[in-house]
Structure formats: C-alpha cells, structure tokens
Amino acid sequence: MNKFRKINKFVFSGIWFLDPPKDISVDGWRIDNVIQYTDVVITLYFGIVVLAMLYFIIKYRARPGHKAVYDRGDTKKHVGITLGMGLLVFLSIDVVIEGMSFKDLNEAFWNFPKGDDVVQVEVMPQQFAWNFRYAGNDGTFGTEDDLIPSQNQMHIPVNKPVVIQIAPYDVIHSFYLPNFRIKIDATPGMINTMWFQATETGQFEIACAELCGNSHYRMKGYLTVESEEDYNNWLQSLDEEGPEDEWEDEDDENPTRWGWAWKEAI
Amino acid sequence: MNSHNEQSFVSKYIFSMDHKVIGKQFLWLGIFFLLFGGFQAMLIRWSLSNTMEPLPWWLLGDILYQNSPVGAGIIGPDAYNQLFTMHGTIMIFWAITPILIGAFGNFCIPLQIGAPDMVFPKLNLISFWTMFLASVVLLMSYLLPNGTAAGGWTSYPPLSTPVGGIPGLGQVFWILALTLAGTSTLMGAINYITTIVRLRAPGMDYFKMPLTIWGLFLTSILNALFVPIIAAGLIILLLDNVAGTQFLIAGGKATIPGGDPLLYQHVFWIFGHPEVYILILPAWGVVSDLLSVFSRKPAFGYKVTAICMCTITAFSALVWGHHMYTTGMSPLLGKTFMFLTLLISIPSAIFFFNWLGTLWRGALQFDTPMLFSMSVMWVFGLGGLTGLYNATITSDIYLHDTYFVVGHFHYTMAASVMFGAFAAIYFWFPKMFGRQMNSKLGKVHFWFSFIPLNMVFFNMMVMGYAGHHRRIFDPTEYEFLAPVLGLNNLMTTFAFILGAAQGLFVLNFAYSLLKGEKAEQNPWKSATLEWTVDYPIPHGNFAVVPSVYHGPHEYSHPNVKERDWISQSEPMPT
Numbered sequence: 001m002n003k004f005r006k007i008n009k010f011v012f013s014g015i016w017f018l019d020p021p022k023d024i025s026v027d028g029w030r031i032d033n034v035i036q037y038t039d040v041v042i043t044l045y046f047g048i049v050v051l052a053m054l055y056f057i058i059k060y061r062a063r064p065g066h067k068a069v070y071d072r073g074d075t076k077k078h079v080g081i082t083l084g085m086g087l088l089v090f091l092s093i094d095v096v097i098e099g100m101s102f103k104d105l106n107e108a109f110w111n112f113p114k115g116d117d118v119v120q121v122e123v124m125p126q127q128f129a130w131n132f133r134y135a136g137n138d139g140t141f142g143t144e145d146d147l148i149p150s151q152n153q154m155h156i157p158v159n160k161p162v163v164i165q166i167a168p169y170d171v172i173h174s175f176y177l178p179n180f181r182i183k184i185d186a187t188p189g190m191i192n193t194m195w196f197q198a199t200e201t202g203q204f205e206i207a208c209a210e211l212c213g214n215s216h217y218r219m220k221g222y223l224t225v226e227s228e229e230d231y232n233n234w235l236q237s238l239d240e241e242g243p244e245d246e247w248e249d250e251d252d253e254n255p256t257r258w259g260w261a262w263k264e265a266i
Numbered sequence: 001m002n003s004h005n006e007q008s009f010v011s012k013y014i015f016s017m018d019h020k021v022i023g024k025q026f027l028w029l030g031i032f033f034l035l036f037g038g039f040q041a042m043l044i045r046w047s048l049s050n051t052m053e054p055l056p057w058w059l060l061g062d063i064l065y066q067n068s069p070v071g072a073g074i075i076g077p078d079a080y081n082q083l084f085t086m087h088g089t090i091m092i093f094w095a096i097t098p099i100l101i102g103a104f105g106n107f108c109i110p111l112q113i114g115a116p117d118m119v120f121p122k123l124n125l126i127s128f129w130t131m132f133l134a135s136v137v138l139l140m141s142y143l144l145p146n147g148t149a150a151g152g153w154t155s156y157p158p159l160s161t162p163v164g165g166i167p168g169l170g171q172v173f174w175i176l177a178l179t180l181a182g183t184s185t186l187m188g189a190i191n192y193i194t195t196i197v198r199l200r201a202p203g204m205d206y207f208k209m210p211l212t213i214w215g216l217f218l219t220s221i222l223n224a225l226f227v228p229i230i231a232a233g234l235i236i237l238l239l240d241n242v243a244g245t246q247f248l249i250a251g252g253k254a255t256i257p258g259g260d261p262l263l264y265q266h267v268f269w270i271f272g273h274p275e276v277y278i279l280i281l282p283a284w285g286v287v288s289d290l291l292s293v294f295s296r297k298p299a300f301g302y303k304v305t306a307i308c309m310c311t312i313t314a315f316s317a318l319v320w321g322h323h324m325y326t327t328g329m330s331p332l333l334g335k336t337f338m339f340l341t342l343l344i345s346i347p348s349a350i351f352f353f354n355w356l357g358t359l360w361r362g363a364l365q366f367d368t369p370m371l372f373s374m375s376v377m378w379v380f381g382l383g384g385l386t387g388l389y390n391a392t393i394t395s396d397i398y399l400h401d402t403y404f405v406v407g408h409f410h411y412t413m414a415a416s417v418m419f420g421a422f423a424a425i426y427f428w429f430p431k432m433f434g435r436q437m438n439s440k441l442g443k444v445h446f447w448f449s450f451i452p453l454n455m456v457f458f459n460m461m462v463m464g465y466a467g468h469h470r471r472i473f474d475p476t477e478y479e480f481l482a483p484v485l486g487l488n489n490l491m492t493t494f495a496f497i498l499g500a501a502q503g504l505f506v507l508n509f510a511y512s513l514l515k516g517e518k519a520e521q522n523p524w525k526s527a528t529l530e531w532t533v534d535y536p537i538p539h540g541n542f543a544v545v546p547s548v549y550h551g552p553h554e555y556s557h558p559n560v561k562e563r564d565w566i567s568q569s570e571p572m573p574t
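First to last, the protein sequences are chains A and B.
With my numbering, letter number 12 in the first sequence gets 12, and the count goes up by one each step, no holes.
With my numbering, letter number 547 in the second sequence gets 547, and the count goes up by one each step, no holes.
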C-alpha cells in the first residue's frame with residue numbers, strides 16, 4: 001500500500017530521516033501516503049528551485065565584462081509562463097493531495113462505522129489525566145452499570161472499530177494517538193467524535209497534544225490493544241471491581257455531561 | 001516645516017514627530033526584544049535537552065531562576081511554559097512587528113514615495129509611545145510573583161482564564177500589553193495607509209511604487225482590518241480574567257451556561273492567519289526590491305508580483321479554519337477551508353517564480369543584503385512548501401500540534417521574516433545612520449545564521465514527523481519519543497551557534513554605528529527615491545518634491561549610458 005514510501009526512500013532515502021511511530025491502525029497508511037506524496041513533489045520542486053538558484057549564482061554572478069540583460073518580465077509570454085508554472089504547481093501538488101485527502105476523509109476518517117460490532121468509549125480528559133467510560137452490559141451510557149477503569153487506562157479489542165466521544169472536564173486537551181496518526185481536540189462544552197481500528201496487539205501511548213497546563217507534558221495514557229477475549233475479560237474484571245467514578249457524587253451539579261447520552265449518527 | 005530646525009533634544013530625539021527618528025526608535029525597541037526573545041529561545045533549548053539541570057553560567061545560571069521551586073537555577077515545567085509563551089509573543093509582536101513594520105514602515109514609506117513625512121506625525125509619535133508602554137507592561141509581568149503568562153502565544157481559554165489553573169496575574173498583563181501593542185499597530189496602520197494613498201509624489205502611481213511599499217501597504221490594510229478583531233477577543237478574555245464573566249468558559253468549570261472556548265479560537269485565528277501575512281508581506285516586498293537591486297535588472301513581472309501579493313492578502317482572510325482542523329469542525333467547513341488554503345499556492349508560486357526570474361540573466365552582486373534576500377527564497381520556499389502538509393486535513397490530523405508545525409512556522413515567520421529584516425537592516429543602515437555596516441562581518445553573520453538555522457528548524461519538522469508533539473517540557477516522558485532525543489540535543493547545539501551568531505550582528509551594528517565607514521549617498525546604486533537625498537536627511541526629507549518618471553527598478557536600461565541605473569526622479573533619456 002505504501003507505494004510512495006518506496007519512491008520516497010528511493011528519491012531521497014527518507015528526507016525526514018526519522019520514521020514516525022509504528023503504524024498499527026487500519027487507516028494510518030492513508031495519512032502516511034499523502035505525506036509521502038507531498039514529500040516527493042515538494043522535494044522535486046524545491047530541488048528545481050535550488051538548482052536554478054545555484055546555476056544563476058554561478059552563471060550570472062557579477063564579474064568584469066558581464067552585464068545584466070534589461071528584462072522586465074512583463075511581456076505576455078513571460079506572464080503566461082509564470083502563470084503556467086503557478087498552475088502547474090497547483091495541479092500537480094494541491095489538486096492531487098486535496099483529492100487524496102477528500103477521498104480518505106470520505107472513505108475512512110469521517111466515515112463512522114455503525115452496527116453492533118463497534119466499540120464505544122467515552123473519554124473525559126481533565127488536568128492531567130484521561131478518564132474512560134464503557135457502556136457496560138446494557139450498552140447505554142450514563143447508567144449504573146457503566147464501567148470506568150482506573151485513570152489513563154484504555155483497552156480496546158484488536159481488529160474492531162472503536163468510536164470515541166470526547167469532552168473534557170476543565171480546559172482544552174487533545175487526544176493524540178501517534179501510532180494511529182490521529183488526534184482530536186477535547187473542548188469544554190462540546191462532544192467530539194473520532195474512530196480508529198487497531199491491527200496489532202500491545203500497549204501504546206496516548207498523549208495530550210494541546211497545551212493544558214504545567215503538567216501537560218506528562219498527561220500520558222496507555223492504550224492496550226488486546227484480543228477480543230482478553231478485552232472481554234478485562235471488562236468483566238472492571239464489572240467485578242465496581243466503578244471507580246470519582247465524579248459520580250457530583251453528577252447532579254456537574255455540567256460536564258460525563259456519561260452523556262451517546263450521540264448517534266454523525 | 002521651517003520651525004523644525006530649532007528643536008530641543010527631547011522633541012528631536014525622544015518625543016519626535018519625524019518619521020525617520022520614530023523608525024529608529026522602533027528599530028532599537030525591536031532589536032532589544034529580538035535579543036530578549038532570542039535569549040529565551042536559548043533557555044528553552046537548554047531545558048529541552050538538559051531537562052531539570054541547572055543553567056550554565058553563560059545562560060546566566062547564577063542570576064536566573066534562583067527561587068525556582070525545583071532548585072536554584074533550574075527551569076521547571078511552569079517556568080518552561082512561561083518561556084515558550086513569552087518567546088512566541090515577544091518575537092511576533094515585539095521583535096518582528098516593530099522592526100519590519102514599525103522601523104522600516106516608518107523609515108521607508110515617506111522616503112520611498114517622495115513624501116515629506118507621515119500624514120499624521122503626531123499619531124506616529126503616539127503609536128511609538130503606546131508601543132513603549134506596551135513593552136513596559138510586558139516587562140513588568142516578569143516581576144510578578146508567579147511569573148508571566150503561560151498559556152502559549154495563542155492563550156486559548158479556558159486555560160488562560162482563572163479556571164485554567166495558572167496562578168497569578170501574568171495572563172492579565174499579557175492581555176493588557178498585547179492590547180496596547182495592537183493599539184499602536186492600528187495607529188501605525190491608519191497612518192501608513194493614509195500616507196500611501198494621499199502623499200505619493202507627483203507621478204508615483206500605485207504601479208510605480210517599490211514593492212517594499214506594496215508589502216507595507218497591504219500589511220497595513222490587514223492590520224487595520226484584523227487588529228480590532230483580536231482586540232475584541234482580548235477584551236472578552238480580559239473580562240473573563242478580571243470581571244468574573246464566562247464568555248469563553250464551558251464544561252465542568254463553568255458556573256454560568258452559554259460560554260464557548262471555541263469562539264476565542266475563531267476570533268484568534270481570523271486575526272491570527274492574516275497576522276502571518278502581516279509579518280511576511282513587508283519581508284516579501286523588501287526581498288523583491290533587493291533582488292532587483294543586486295541583480296542589476298528590473299524585478300521580473302513587477303506588476304504580476306504586486307497583484308499576487310494583493311491576491312494573497314485577500315485570501316489570507318478566508319483561511320483561518322486550517323488552524324482548527326482537529327477541533328471537530330464540520331466536514332463541509334473543513335473541506336472549504338482546505339480548498340481555499342490550497343488556492344493560495346497559485347499566487348505564491350507565481351511570485352516565487354518571479355523572484356527566480358529576477359535573478360535570471362542578471363549580474364548578481366553578493367553583498368550582505370543580497371545574501372539575506374536570497375536566503376529568504378530558500379527558507380520561504382521550504383516554509384511555503386511544508387505548509388502544504390498542514391493545509392491538507394488528513395496529514396494535518398497527524399502533524400497538527402507537533403514540532404512539524406513549529407518547524408514550519410519558524411521557517412515562514414521566524415526565518416523568512418527575520419532574514420528579510422536583516423536584509424533590510426544591512427541595506428538601509430547607510431541611509432539611516434550615514435555609515436556602512438562591515439561587509440565581512442555581515443557575511444560571517446549570514447553564514448553562521450543560515451546554516452544553524454536550517455539545522456534547527458528543519459530538524460523540528462523531522463521531529464514532528466516522528467510524532468513529537470508541542471510544548472513538552474520533558475520529552476523523555478514518552479517512549480515513542482525515544483528516537484528523537486539524539487536529534488533534540490543536536491538541535492540545541494545548533495541553536496546555541498545561531499544565538500551566538502547574533503552577537504556578531506550586534507557587534508557589527510554597534511561598531512558600524514560609531515566607527516563604520518562613512519557611506520556615500522547611494523552606496524548600492526539603487527533607483528528608489530530615498531537614495532536621492534543626503535545623510536542626514538532633514539526633517540521634511542526632500543528640498544524639492546521629487547517628480548517620478550518611471551518604476552522603481554530601472555537597472556541596466558539600454559538608454560542609460562555610463563551607469564547601470566537611473567533614479568525614479570530622473571527622466572529617462574531617449
């Protein structure tokens with residue numbers, strides 16, 4: 001799938017000489033692809049510009065006997081050429097990446113999965129931790145049997161689509177999964193939605209990408225991707241432990257909508 | 001203008017109404033804050049690669065942070081957040097804006113359009129002293145017991161309100177200082193626009209103005225339109241901070257319903273995106289002119305360049321949403337903003353090719369201003385092209401709020417604009433101070449700026465591509481960031497070289513000011529009007545109002561014999 005990665009390595013053996021974190025998502029390749037296509041074309045254009053500049057520096061340097069050619073570059077031909085080059089850049093870079101991006105948004109990132117198969121999680125970040133909430137057996141949020149794991153611990157099953165809905169308690173945070181190439185802001189007063197699907201099991205990091213205060217730098221969570229069986233066992237263990245919802249007592253006055261009703265169909 | 005000859009010291013040099021003096025005042029202020037903000041960048045780099053280690057003596061470790069809660073001379077997480085907040089704020093509003101817009105706007109506009117002064121000299125005076133007041137308020141915030149603002153240069157609420165948990169009055173001082181600075185900018189903008197519209201010398205049509213003037217003109221229009229918008233945003237933020245209102249507070253910390261933090265983001269970026277162009281347009285103009293001067297041929301496609309700059313100015317007001325792709329924006333809006341953003345690459349590419357066209361078949365003279373101008377082509381080329389990743393929604397979902405964005409905007413705003421400013425300083429220094437800056441030292445300054453700068457800002461983008469998110473006090477916190485730590489240390493080393501190189505500039509500036517070689521009237525053989533008057537230029541500028549016969553870039557014209565330029569105020573021989 002990563003056809004551009006190959007070209008990329010070939011053309012400039014990876015101009016971003018560090019690799020991004022390992023992609024363990026179903027759709028992360030789409031983002032890698034659009035980045036790598038952009039890498040190739042901008043390297044090409046920037047290379048042409050730099051070569052032209054170097055050539056001009058050598059060929060047209062001021063020296064005895066060399067005179068500049070009086071040329072205002074305002075003839076129809078000149079203007080046509082620069083306009084043409086501007087359009088060429090637009091068509092070869094912008095139009096292509098816009099097409100790729102729109103396609104990916106429609107097919108993947110903004111095409112939310114539906115059905116019983118979907119794992120639903122509510123996320124409520126606060127300064128400086130991540131709270132997660134699972135609907136429990138009744139499949140409805142905001143009820144007695146909601147499951148709330150200890151802070152910063154999110155578990156999901158592998159190879160199943162996961163939809164999160166996120167709203168913070170206090171300030172703006174951003175739920176960032178480097179291994180999935182995605183992030184979504186958590187803004188007080190609104191519920192945002194994002195979905196992803198893991199292809200590998202393991203433990204991965206969740207980072208806060210939006211400055212949220214002095215401990216922003218260590219607002220870290222862990223995403224454990226596990227087999228469906230392990231995941232169900234984990235949910236079961238939460239059920240037995242009972243909820244650890246430190247917010248529950250305040251629910252009446254607390255307008256965070258923690259345990260809000262799931263917003264259907266985006 | 002006769003009375004101007006008998007002025008006291010105070011009215012001549014301190015509360016002056018002469019645009020040249022005010023321009024120099026802005027230059028001093030800008031250079032002071034450039035060094036101040038630059039020093040903060042050094043502290044940031046130290047903290048990033050030597051987290052929680054005491055500052056060395058050469059970063060004033062024996063003086064700074066002595067009462068730090070994490071140990072004497074050590075930058076803790078609170079101090080780190082304050083540092084990057086103030087570094088961004090100072091570099092944008094107190095360094096770039098005063099140097100390019102304040103200093104060169106004031107100095108160049110009347111001289112290049114053939115006017116005796118700004119149209120409102122008193123407003124000009126008030127503009128500078130408002131900026132001075134803003135600077136005092138800003139600097140006072142460093143004396144507050146809990147330190148300065150720490151919410152980032154964007155100061156998103158609710159973090160920047162009392163519910164955000166940042167102690168002290170730093171944010172309030174930040175808002176007041178920025179509002180005052182905005183007021184100063186607005187007064188300047190009104191003055192510049194009116195001066196350019198009303199006071200052009202006979203014959204100076206819009207399409208005969210130097211491109212520097214075009215850049216400053218468009219910048220001023222953007223300032224006049226969008227500074228009031230950020231002022232509105234700052235005022236509601238101030239009310240939330242001091243008056244107990246909750247316009248921008250929602251969620252669990254809100255006690256009154258109806259507030260919306262997203263409102264501030266829209267207001268901020270409606271101003272914030274044009275702000276990027278506010279900063280870069282004067283630099284584009286300066287570079288377009290200087291490339292022509294030092295290539296000894298007219299600016300290629302002058303009129304097309306000017307029209308492209310106008311187009312970009314118009315578009316800059318329509319694309320703010322691309323800063324907010326991850327806020328949960330509606331798909332229709334997101335796609336619209338993406339399309340509009342990508343459209344900007346057409347005019348940008350066209351005028352970039354015009355720059356190349358200017359060099360093509362010229363006779364290139366590599367004086368210091370030319371080196372800096374050509375380096376703007378390099379850094380702006382890279383900065384502009386890497387903007388594509390951020391304009392595209394899908395790649396931005398990954399790269400947003402990472403060091404990729406930090407690297408990108410340092411290329412476009414910091415590197416392009418500062419190199420444009422350095423080009424301008426080296427170029428106009430002889431007209432401002434009557435002496436030449438040392439050319440050898442200037443070239444050393446150039447190379448020791450250009451190479452380390454790329455090593456820092458390019459690697460920022462590499463780190464961002466590797467996933468490193470922004471505003472992280474201690475990158476060792478995350479396992480996935482382990483691969484970038486080596487690069488982090490390398491960048492710090494180059495950042496220190498870059499910082500030290502600015503010492504060469506200060507040295508050169510101070511030495512040339514006092515002992516530099518006396519400059520001739522027109523050392524660069526430039527065709528624009530400011531070079532037709534002798535230093536020191538009297539208050540009132542031109543003894544006789546000049547008449548303008550042709551465009552600003554008549555170099556190597558075949559009709560002109562014996563020299564390769566003809567001033568705008570000389571009729572073209574036939």
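Please keep in mind that the hints were generated in silico from the structure rather than gathered at the bench.
Values in this document were obtained by computation on a predicted structure and should not be read as measured data.
Where a beta carbon is used, it is the ideal one built from N, C-alpha and C, also for glycine.
Take these hints with a grain of salt, some might be off.
Said to hold, decoys possible - Quick look at which bits of chain A chain B covers, simulated, 3 or more residues with Cβ under 8 angstroms:
1) 114-122
2) 136-142
3) 151-162
4) 165-172
5) 183-195
6) 220-234
Unchecked claim - The calculated lysine-lysine pairs, modelled on BS3-like cross-linking and capped at a C-alpha distance of 27 angstroms, are:
7) B:K12 <-> A:K67
8) A:K76 <-> B:K440
9) A:K59 <-> B:K443
10) B:K518 <-> A:K59
Honestly, which of those hints from before does the structure not fit? Failing hints, ascending: 1, 2, 3, 6, 7, 8, 10.
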